[in-house]
Every structure is written in C-alpha cells, then in structure tokens.
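Q: What follows is the residue order along each chain.
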Amino acid sequence: EAQVTQNPRYLITVTGKKLTVTCSQNMNHEYMSWYRQDPGLGLRQIYYSMNVEVTDKGDVPEGYKVSRKEKRNFPLILESPSPNQTSLYFCASSLGYATNEKLFFGSGTQLSVL
Amino acid sequence: DAKTTQPTSMDCAEGRAANLPCNHSTISGNEYVYWYRQIHSQGPQYIIHGLKNNETNEMASLIITEDRKSSTLILPHATLRDTAVYYCIVRVPMRFGAGTRLTVKP
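Going down the list, the protein sequences come from chains A and B.
Throughout the first sequence, residue numbering follows my numbering, covering 1 to 114 in sequence.
Throughout the second sequence, residue numbering follows my numbering, covering 115 to 220 in sequence.
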C-alpha cells in the first residue's frame with residue numbers, strides 16, 4: 001500500500017532532550033516536506049526537500065533540522081526541544097516539485113515538550 | 115504570491131450538495147488550484163486539483179471561473195463523514211491557511 005509513515009504517533013519529552021521523528025515513504029517520491037499544525041495557525045511548513053541531499057527552509061525552520069540521505073526517508077530532528085515546539089507534526093511527499101503534483105500526508109506525530 | 119480566501123465555516127444538510135468557495139485573485143497562469151481536507155487531526159487528504167477546466171472525480175467536482183480568480187469545490191451529496199476542514203491552495207510549495215470548517219448536519 002502506498003503510504004507515508006511517521007513514527008512515533010505520540011511523543012512526550014522534556015526540554016532539551018534531543019529527539020527524532022521519522023518519516024518514510026514507499027512511493028519513490030522525490031519531494032518531501034515537514035509541517036507543524038497549531039490551533040488557529042493552520043499548517044506551517046518547516047523544511048522541505050526536493051531530492052536526496054537537497055533540503056531547504058520553509059516558513060518556520062528555527063529549532064529544527066532535517067536530513068535527506070536516502071530518497072525514502074526524511075527525519076525531523078529537534079536538537080534541543082522547547083515547550084513552544086509542542087505541536088502536531090505532519091510529513092508529506094509528492095512525486096516531484098511541480099505545480100501539478102499532489103501531496104500525500106502521514107498520520108501525524110503529536111509532540112509534547114514539558 | 116498567490117493567496118487564497120475562504121469562508122471560516124459553513125454548514126450543510128446531509129444529502130445535499132456542499133459548495134465551498136475559494137478566492138484566488140492573484141493566481142499565476144501556471145498555478146493549479148488544489149483542494150485538500152482534514153478530518154479532525156488526521157493528515158490532510160487530497161481531494162482534487164485543476165488548472166483551467168472543471169474537474170470531477172469520485173470525491174468531488176471543481177469549478178474554476180474563466181478568469182481563474184475563484185473556484186468552488188462541490189461535494190454532490192454530503193454525508194456526516196464529510197465534516198472536516200477544507201483547504202484551497204494555489205501555489206507550490208503548498209501553504210495551508212485556515213481553510214473552511216464544513217459541518218454536515220443530519
């Protein structure tokens with residue numbers, strides 16, 4: 001089944017403890033992206049990647065890192081999480097970075113930073 | 115920078131057509147109009163997209179005005195399971211605004 005898989009689904013951590021949220025897609029997609037969703041603010045893009053080893057900042061990249069060493073994986077790294085990074089995170093992918101490519105989303109990761 | 119304007123919320127009676135409008139007056143010639151929806155806190159789900167012509171699939175129909183400055187998503191026979199937030203997007207990389215919260219009522 002074609003899908004975008006995020007793990008974990010729920011995560012509770014403490015301030016400053018490094019964490020990684022994994023994202024994997026099995027559709028051979030070139031484009032991958034991370035979003036965060038907060039009440040009243042909609043989905044905001046954190047980082048995106050147009051292909052392996054190519055990443056770029058979205059609208060809210062501060063406090064996050066990403067890597068794209070393989071086509072299928074695009075992990076989101078929080079080196080020193082803070083409470084303001086408590087949010088619902090979504091990974092998404094599409095075949096390419098073009099105007100007519102639809103995005104496929106993962107099920108989300110609910111992160112709480114205490 | 116193509117932006118979209120959607121009503122904050124709408125109601126629809128079960129079994130009736132739901133018509134969700136979107137204004138995108140600054141859309142560029144090569145930008146597609148996309149519609150996604152998000153049910154509760156699930157990942158957004160693709161519904162439909164189009165460039166100039168009207169489009170229809172198993173989920174919905176998309177009507178784009180001739181000047182491309184606005185569009186309407188039509189759910190022909192809304193069900194309770196169509197209650198969701200609907201997003202209209204017209205640029206890449208995709209930016210999701212607040213969308214329209216559609217509530218389908220019995």
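It should be emphasised that the hints constitute simulated quantities derived from the structure, not laboratory data.
Don't take each hint at face value.
[Stated by the list, open to error] With a straight-line cut-off of 30 Å between C-alpha atoms, the simulated BS3-like cross-links for lysine-lysine are:
#	chain 1	residue 1	chain 2	residue 2
1	B	K219	A	K57
2	A	K57	A	K17
3	A	K69	A	K17
4	B	K117	B	K166
5	B	K183	B	K166
6	B	K117	A	K102
7	B	K183	A	K65
8	B	K166	A	K65
9	B	K166	A	K102
10	A	K65	A	K102
11	A	K17	A	K71
Nothing here was measured: the structure is a model prediction, and the numbers come from that model.
Q: Run every hint past the structure and note whether it holds.
A: The hints, checked one at a time:
1. B:K219 <-> A:K57: violated (41 Å)
2. A:K57 <-> A:K17: holds (23 Å)
3. A:K69 <-> A:K17: holds (23 Å)
4. B:K117 <-> B:K166: Holds, because 17 Å separates the two Cα atoms, which is no more than 30 Å.
5. B:K183 <-> B:K166: The hint holds at about 11 Å.
6. B:K117 <-> A:K102: The given pair, whose Cα atoms are some 18 Å apart, holds under the 30 Å limit.
7. B:K183 <-> A:K65: Given that 30 Å is the threshold and the Cα spacing comes to 37 Å, the pair is violated.
8. B:K166 <-> A:K65: violated (38 Å)
9. B:K166 <-> A:K102: Given that 30 Å is the threshold and the Cα spacing comes to 17 Å, the pair holds.
10. A:K65 <-> A:K102: Roughly 24 Å separates the two Cα atoms, so the pair holds.
11. A:K17 <-> A:K71: OK: A:K17 and A:K71 at ~27 Å, within 30 Å.
When the structure is compared with the earlier hints, violations turn up for hints 1, 7, 8 and for no others.
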